[in-house]
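Chemist: These are the residues of each chain, in order.
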Amino acid sequence: MSDVHANADDIRKEVKTYLMVFGALMVFTVITVAISYLHLEVHEAIIIALAVATVKGSLVALYFMHLKHERHLVYYALALTVVFFVFLMFIPLATTLDRIVQKY
Amino acid sequence: MEIPYTVEVRPDTGLFNGKLGIWLFLASEVMLFGALFSSYILLRVGSTEWPRGYEELSVPLAFFNTIVLISSSVTMVMAWASLRLHDFGKFRLYLGATILLALTFLVVKYFEYAHHLEAGEGPWHSTFLAIYFTLTGLHGIHILGGIIVNSYLWGPGAAMWKTEPQRFVNRIEIAGLYWHFVDLVWIFLFPVLYLL
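In order, the protein sequence lines correspond to chains A and B.
Quick note on numbering: our numbering labels position 41 of the first sequence as 364, and the sequence is numbered without any gaps.
Quick note on numbering: our numbering labels position 128 of the second sequence as 148, and the sequence is numbered without any gaps.
Bear in mind the hints are in silico, worked out from the structure with no lab data behind them.
What you are looking at is a predicted structure, and each value in this text was computed from that prediction instead of being measured.
One thing to keep in mind: the hints can contain errors.
[To be verified] If you anchor each label on the Cβ, the simulated ranges turn out as follows:
| # | chain 1 | residue 1 | chain 2 | residue 2 | range |
| --- | --- | --- | --- | --- | --- |
| 1 | A | 354 | B | 123 | 24 to 30 Å |
| 2 | A | 350 | B | 32 | 39 to 45 Å |
| 3 | B | 63 | A | 406 | 39 to 45 Å |
| 4 | A | 420 | B | 22 | 51 to 57 Å |
| 5 | A | 425 | B | 79 | 28 to 34 Å |
| 6 | B | 139 | A | 394 | 46 to 52 Å |
| 7 | A | 350 | B | 124 | 36 to 42 Å |
| 8 | A | 354 | B | 59 | 36 to 42 Å |
| 9 | B | 113 | A | 343 | 28 to 34 Å |
[Unchecked claim] If you want the footprint, here are the derived chain B segments under chain A, 3+ residues with CB under 8 Å:
| # | region |
| --- | --- |
| 10 | 54–68 |
| 11 | 79–87 |
| 12 | 127–138 |
[Stated by the list, open to error] Some, not all, of what chain A presents toward chain B, calculated at C-beta under 8 Å:
| # | residue |
| --- | --- |
| 13 | 348 |
| 14 | 356 |
| 15 | 368 |
| 16 | 380 |
| 17 | 391 |
| 18 | 392 |
| 19 | 400 |
| 20 | 406 |
| 21 | 408 |
| 22 | 411 |
Positions of the beta carbon are idealized from the N, C-alpha and C atoms, including for glycine.
Kindly produce the complete structure, drawing on both the sequences and the hints.
Modeler: Here you go:
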């Protein structure tokens with residue numbers, strides 16, 4: 324838990340980390356857009372774009388949402404969410420798996 | 021009756037109640053946006069043809085908006101850090117910047133929508149535009165919600181800093197978690213809709 328009496332030096336260190344993460348997010352955003360101008364095949368573009376977005380999303384979650392140092396209960400709740408999210412993404416997709424195989 | 025555990029940590033969860041509440045809310049938000057992302061996948065793989073996002077939408081405007089939203093996430097976390105450093109002036113500056121950046125995002129989005137609607141390209145025009153307007157519209161409503169909450173915390177809500185400083189810091193942390201989630205959703209929406 325953060326509190327108003329936390330060590331000022333520690334908070335200043337956190338601020339430096341936030342600025343470094345900001346820089347990394349900017350670089351990854353430029354990379355994402357630059358790759359799109361290569362006009363890659365759809366499946367290649369999807370893999371690369373989602374990989375970069377996942378890295379960016381992880382940086383936001385780990386540092387800005389401070390999941391890097393969080394209580395276990397939050398991790399448990401999020402782990403359950405991830406399970407349901409994956410289910411949500413892939414079960415409907417499985418119903419059209421035959422068409423995806425034909426298409427790509 | 022006083023609301024319990026707004027400042028001190030609840031022994032069994034290790035969190036103050038508001039923080040557990042916002043994480044559970046964000047979990048439900050993951051499922052809300054997840055359902056629409058899942059719909060997008062189904063619509064795309066089920067269609068005979070699907071435009072590449074950059075053929076239909078303005079990548080430069082979305083790129084600009086991505087920079088704006090990421091910047092707003094940084095100013096939000098800096099507002100929280102400033103408050104923990106007892107610098108209320110900087111807190112107001114950073115939170116104000118967050119609100120202005122969020123408004124900038126919505127103004128750019130307005131121009132994007134207006135351009136499409138003037139050309140007769142509303143959600144009815146194609147399946148791609150239907151899911152584009154649905155996803156970005158829902159995200160836009162979340163931006164608006166964030167602006168309302170942050171504006172309250174910047175204005176009248178900030179009076180709590182004088183009476184219950186730790187509770188106010190906790191409120192800013194919670195508002196920040198919501199705001200970073202909105203940023204996180206856009207990080208995925210941008211490539212999915214505009215670049216693929």
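Chemist: Range hint 39 to 45 Å: satisfied by the CB atoms of residue 350/A and residue 32/B?
Modeler: Holds, at about 42 Å.
Chemist: Closer than 8 Å between Cβ atoms is the bar; does residue 391/A clear it against chain B? Give me holds or violated.
Modeler: violated, 13 Å
Chemist: Can we keep the residue 368/A interface hint, with Cβ of chain B closer than 8 Å?
Modeler: Holds: closest Cβ of chain B sits about 5 Å from residue 368/A, inside 8 Å.
Chemist: For the hint 36 to 42 Å, verify it against the beta carbon of residue 354/A and that of residue 59/B.
Modeler: This hint is violated: roughly 28 Å between Cβ atoms.
Chemist: Are 3 or more residues of the region 127–138 of chain B near chain A, judged by a Cβ distance of less than 8 Å?
Modeler: violated (count 0)
Chemist: With 8 Å as the cut and Cβ atoms as the points, is residue 348/A at the interface with chain B?
Modeler: holds, 5 Å
Chemist: Minimum Cβ distance from residue 380/A to chain B below 8 Å?
Modeler: holds, 5 Å
Chemist: Can residue 400/A be said to touch chain B, with a Cβ gap under 8 Å?
Modeler: holds, 6 Å
Chemist: Are at least 3 residues of the region 54–68 of chain B within less than 8 Å of chain A when you compare beta carbons?
Modeler: It holds, with 8 qualifying residues against the three required.
Chemist: Do the numbers back the hint for residue 408/A, that is, is its least Cβ distance to chain B under 8 Å?
Modeler: holds, 5 Å
Chemist: Hint says 46 to 52 Å; check whether the CB-CB distance for residue 139/B and residue 394/A agrees.
Modeler: With Cβ atoms ~50 Å apart, the hint holds.
Chemist: If you check the beta carbons of residue 350/A and residue 124/B, does the distance land in 36 to 42 Å?
Modeler: violated, 22 Å
When the structure is compared with the earlier hints, violations turn up for hints 3, 7, 8, 9, 12, 17, 18, 20 and for no others.
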